[in-house]
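Peer 1: Spelled out, the chains give:
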Amino acid sequence: MNAFEVLGLEARPALDPETVKEAHLRAMATHHPDAAGPNDHALLLNKARDLLGRDRTRLHHLIELTRGTPAAERGAIPPEIGDLFAPLADVLGKVRGHLESVAGAESAIEKAGLLSAGLELFESLREIQGRLAQLRGVQSERLRELDAAWVAGTQDIEGLERIALALAFLDRWSEQVDEQLYRLSETVV
Amino acid sequence: MSSETVIIGIDLGTTNSLVGVVDTGFPVLIPGADGKKLLPSAVSFNPEGGAALVGAEALRARLVQPSRTVVSIKRFMGRRHAALTSAEKEVAYSLEADGQGMAVVRQGSRTWTPPEISAAILRRLKEQAESYLGHPVLRAVVTVPAYFNDAQRQATRQAGEHAGLTVERIINEPTAAALAYGLDRARRKGKIAVFDFGGGTFDLSILELTDGVFQVLATHGDTRLGGDDLDSALAAWMADELQKQGIPCGDALARVRLQSEAEAAKIRLSKEETTEVPLPFLEGGRSASLTVTRAKLEELAAPILARAKTHCLRCLQDAKLSPAEIDEVVLVGGQTRMPRIRALAGEIFQREPNVSVDPDQAVAIGATLQAGILAGTLQNLVLLDVTPLSLGIEAFGGLMNVIIPRNSSIPVKAGEMFTNAVDGQRLMKIHVLQGERELAKDNFSLGSLELPFESAPRGQARVGVQFEIDADGILHVLARDVKSGREEKLALQSAVDVADETVERMVAESVEHAFEDMAERQLIETRMKAGRLLKAAGAALAAVGDGASAEEQATIMSAMGRLERAVAEAPLHELKPAIQDLDKLTQGLAEKLMEKTLEMRLKRQGAV
Chain A
1 MNAFEVLGLE ARPALDPETV KEAHLRAMAT HHPDAAGPND HALLLNKARD LLGRDRTRLH
61 HLIELTRGTP AAERGAIPPE IGDLFAPLAD VLGKVRGHLE SVAGAESAIE KAGLLSAGLE
121 LFESLREIQG RLAQLRGVQS ERLRELDAAW VAGTQDIEGL ERIALALAFL DRWSEQVDEQ
181 LYRLSETVV
Chain B
190 MSSETVIIGI DLGTTNSLVG VVDTGFPVLI PGADGKKLLP SAVSFNPEGG AALVGAEALR
250 ARLVQPSRTV VSIKRFMGRR HAALTSAEKE VAYSLEADGQ GMAVVRQGSR TWTPPEISAA
310 ILRRLKEQAE SYLGHPVLRA VVTVPAYFND AQRQATRQAG EHAGLTVERI INEPTAAALA
370 YGLDRARRKG KIAVFDFGGG TFDLSILELT DGVFQVLATH GDTRLGGDDL DSALAAWMAD
430 ELQKQGIPCG DALARVRLQS EAEAAKIRLS KEETTEVPLP FLEGGRSASL TVTRAKLEEL
490 AAPILARAKT HCLRCLQDAK LSPAEIDEVV LVGGQTRMPR IRALAGEIFQ REPNVSVDPD
550 QAVAIGATLQ AGILAGTLQN LVLLDVTPLS LGIEAFGGLM NVIIPRNSSI PVKAGEMFTN
610 AVDGQRLMKI HVLQGERELA KDNFSLGSLE LPFESAPRGQ ARVGVQFEID ADGILHVLAR
670 DVKSGREEKL ALQSAVDVAD ETVERMVAES VEHAFEDMAE RQLIETRMKA GRLLKAAGAA
730 LAAVGDGASA EEQATIMSAM GRLERAVAEA PLHELKPAIQ DLDKLTQGLA EKLMEKTLEM
790 RLKRQGAV
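Residue numbers (my numbering), protein chains in the order written: chain A, 1 to 189; chain B, 190 to 797.
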C-alpha cells in the first residue's frame, strides 16, 4: 500500500497533521461502509491516516516506499537525545515507587505525608516533559530542512532514518511520561 | 418505505428502552399503547415460567412477585456466571450458570438467557413500531454501552435475532447521543464530550465534528457504574436506619421495596432539598417513615461520582486534549438530572453542560438517525467510531500483547507475526483477550484457537495472527501458518468459549490463598500497617509543629504510645482499635499537613 496515494497526498517527509486529517475525513465521507456499503477501502483509509498522521510512522513508510527496505527500528540511543535517558529513568523509577506507596497508604495521615514527595515528582516529570518537547522541536526542525531538500530533488534517506530513530525514542518516552503524569495527578489533586 | 427497507433505531437500556424511526426526514420516537415513549426494561414471568408482562406492567408485578420479575438484565448480557461479583448477584430473581457457564435466569422449570429476556423487550418495541408504521419491521440498529466487550455485543445481536429483527448495526450509546445533539450543527467544527450517566453504565466519549463527519476520538467508561448504584447505596443506608429503629428488612420483598423507594426518593431529591420516604407495612406489618436530604444523597454518591470523574480524566488523556479544548459538553442518561452530577460534568470540563436534548431520549434519537442513514433516508452524515477496549493475545510469560490498541478507528485490521518457542513444536495456541491490564489473566478472555503448523526448529516457524474489527465493533480473528498456508478462524459463537472450570478454578484458588494462614498473616499485616501509621504520624507532628495545638499534640502522642505498646504485646483484636484510634485522631493533623505542604509549595514557586 502507498498511504500517500490512498489519501491523495504528495509523498514527502513532512506533512501537517491537519492536512492528513482533512484528507482522511474527505475520503471517509464517501467510502465509509455506512455511505458506500461493505468495502475494504475504509480499512485502508484508517490505516493510511494512522501511518501519515505521525512523523515517525510517516518517515518509516516513506523510507520503505523509496528504498524498498524498511527503516531500522532499533539502535543505540542517538547522542543528541542520550543525555535525557538517565534522568528520565531515574524519575520514572521514583514515580513508580511513590505510586506503590500511595496505593498502600490507608490512613489520612500517611496520604498527607506522601503529598510533598508527590508534588516534587510531578514537577520533575513536567520538567522532563518540557525537555522532551524541546528535543522533538530540534528533530522537527531537521525534518523541515530535509523536507525542503526532498522537494528540491535531494532524497537524504539516511538523514530521515536518523530522525525516525530519534523520534521512536522520544515517542516512547513521552508516552511513559504522560502516563505517569496522569497517574500522579490522580494522587495529588 | 416498506418492511424490507425500513430500519428502526432502538435504545436497549438497563432501566428503560425506546424505539424510533425516521419519518419524512425527522427522527420520531414511537410511544407504546400507554402513550409513553419510555418502556421500562422489565419482564415479569407467570408461575409456570413463561414470559407474561413487559414494561410498566412488569414493574407493577414486581412489587408483589419480585423473584419472578427481571430488571436490569442488560448487566448480565454476555457475562459468565462465575465472573459476576457477589454485589451483582444481589437481585431478587435467581441467577445460575448454563452449560457453557453463562449467566442465565431461572424461572420455574426452565432457564432464560439474557438475550432471550432482552428479546421480550425488543419484541414489544418492534410491535410499537409496527403499529405506528402499519407494516412489519425486520431490521434494526441497536445501541450498546461503548464499554461492552465482544461477547456482550454478540449477546445483543442474538437478542435481536430472538425478537425477529436483523441487527444491521450495533452502535455505541455515547456516539448515538452525539448524533442526536449534532443534528442541527452538523456543519460546524468542534469537539464534544458526551457525558452519559445511565441506569447501569457510565461512558464518557470525546467526538470531533467536521462537516457532517463525526469522528470519535476516545471513549472510556464502566459497565458496572450507574444510577442503580446510587439507588443501592441509598437503599442500604435506609435499611441501616430502619435496623436502628428495630425494623428488619432482610427479605427479598423488603429489599425490592427499599430499592424502588430509594430510586423514587433520589429522583425527588433532584428537585427538592429534603424528602420523606413513607414505608408502610414492612416486615411484621410495621410502618416507618424516613427523611432523606439531598446532602445525604450526595454524601452517599461521592465514591460513585469519584469513579466517574476518573473515567473522564482518562478519556481526555487518551484523546490528548485538555478540558479547555472541549467546545461542548452534552448530558445523556436520566441520572444526569441530578444537580450534583450536572455540577460534576461542569467542573471537569470547565463549562456549563448542554441540556437541549432530553437526556432519556438522546441515545434513541441517535440510534434512529443511524438507522435512517443506513436505510438511505438520511444522507450527508457519517459516523467514524472507535473500538473502546484494546484487543490482543496472550504472549509468552502470561503478558497481554496488544494488537489493536483501544480508541483505534474502526473498521481496522492489524496483525503480528509469531514464532515457535521450542524445537519441533507442532501447535500454537492463540488466546484472544480484550482489556487494558498488563497481565493476560486480568483481561477478559474472548476465546482461543489452536493452529497446527509444520514442525520447525525453534524460532523458524512463522505464524501470522490477524485481527479485524468491523464497523459494528465485532472482532474477527485469523491465524495462518505462512509455510503451509493453513488457516484457522475464531468462530464468533465461541467468543465466550473458555472452559468454565478454568474460571472457577481461578476464583477458587484466589479464595484458598486468601484463607491460608489467615490469622498469622493478618497479624503481620496489621503490625506493618501500625508501623506505617506511627511513622507518618511522627513525621506529620514534626512537620506541622506549632500548627497543631499543644493539646492536639499531646492527644496524638498518647495515642501513638498506646499503639506502640499494642504492636509490641497485644493480640490482633486489641491492635486494630488502637490503629483506628490513631487514624481518627490524626484526621485534623492530616488536613493541616496537606495545607502546609501546598502553602510551602506555593511560596517556593513564588520565590523562584
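Just so you know, the hints here were simulated from the structure itself, not pulled from any lab data. One should not assume that every hint holds.
As the list claims (entries may be wrong) - Below, a sample of chain B positions facing chain A; criterion: calculated Cβ distance under 10 Å:
(1) R595
(2) L638
(3) A725
(4) A728
(5) T775
(6) Q776
(7) M783
To be verified - With a cut-off of at most 27 Å between alpha-carbon atoms, the simulated DSS-like pairs for lysine-lysine come out as follows:
(8) K781(B) x K765(B)
(9) K380(B) x K21(A)
(10) K765(B) x K111(A)
(11) K47(A) x K781(B)
(12) K111(A) x K718(B)
(13) K94(A) x K718(B)
(14) K21(A) x K509(B)
(15) K111(A) x K773(B)
For each residue, glycine too, the CB sits at the ideal point set by N, CA and C.
Peer 1: Are the hints correct? Go through all of them and say.
Peer 2: How the hints compare with the structure:
1. R595: Violated, because the Cβ-Cβ distance from R595(B) to chain A comes to roughly 13 Å (cut-off 10 Å).
2. L638: Check failed: Cβ of L638(B) comes no nearer than 22 Å to chain A, outside 10 Å.
3. A725: With a closest approach of 4 Å, the A725(B) hint holds.
4. A728: 5 Å, holds
5. T775: Hint holds; T775(B) Cβ to chain A Cβ min 4 Å, cut 10 Å.
6. Q776: Holds: closest Cβ of chain A sits about 5 Å from Q776(B), inside 10 Å.
7. M783: 5 Å, holds
8. K781(B) x K765(B): 25 Å, holds
9. K380(B) x K21(A): Answer holds: K380(B) to K21(A) is near 14 Å, not above 27 Å.
10. K765(B) x K111(A): Satisfied, since the Cα-Cα distance of roughly 19 Å is no more than 27 Å.
11. K47(A) x K781(B): Answer violated: K47(A) to K781(B) is near 54 Å, above 27 Å.
12. K111(A) x K718(B): Judged against 27 Å, a Cα distance of about 13 Å means the pair holds.
13. K94(A) x K718(B): With Cα atoms ~22 Å apart, K94(A) and K718(B) stay inside 27 Å; holds.
14. K21(A) x K509(B): Given that 27 Å is the threshold and the Cα spacing comes to 15 Å, the pair holds.
15. K111(A) x K773(B): Holds. K111(A) to K773(B) sits at ~14 Å (cutoff 27 Å).
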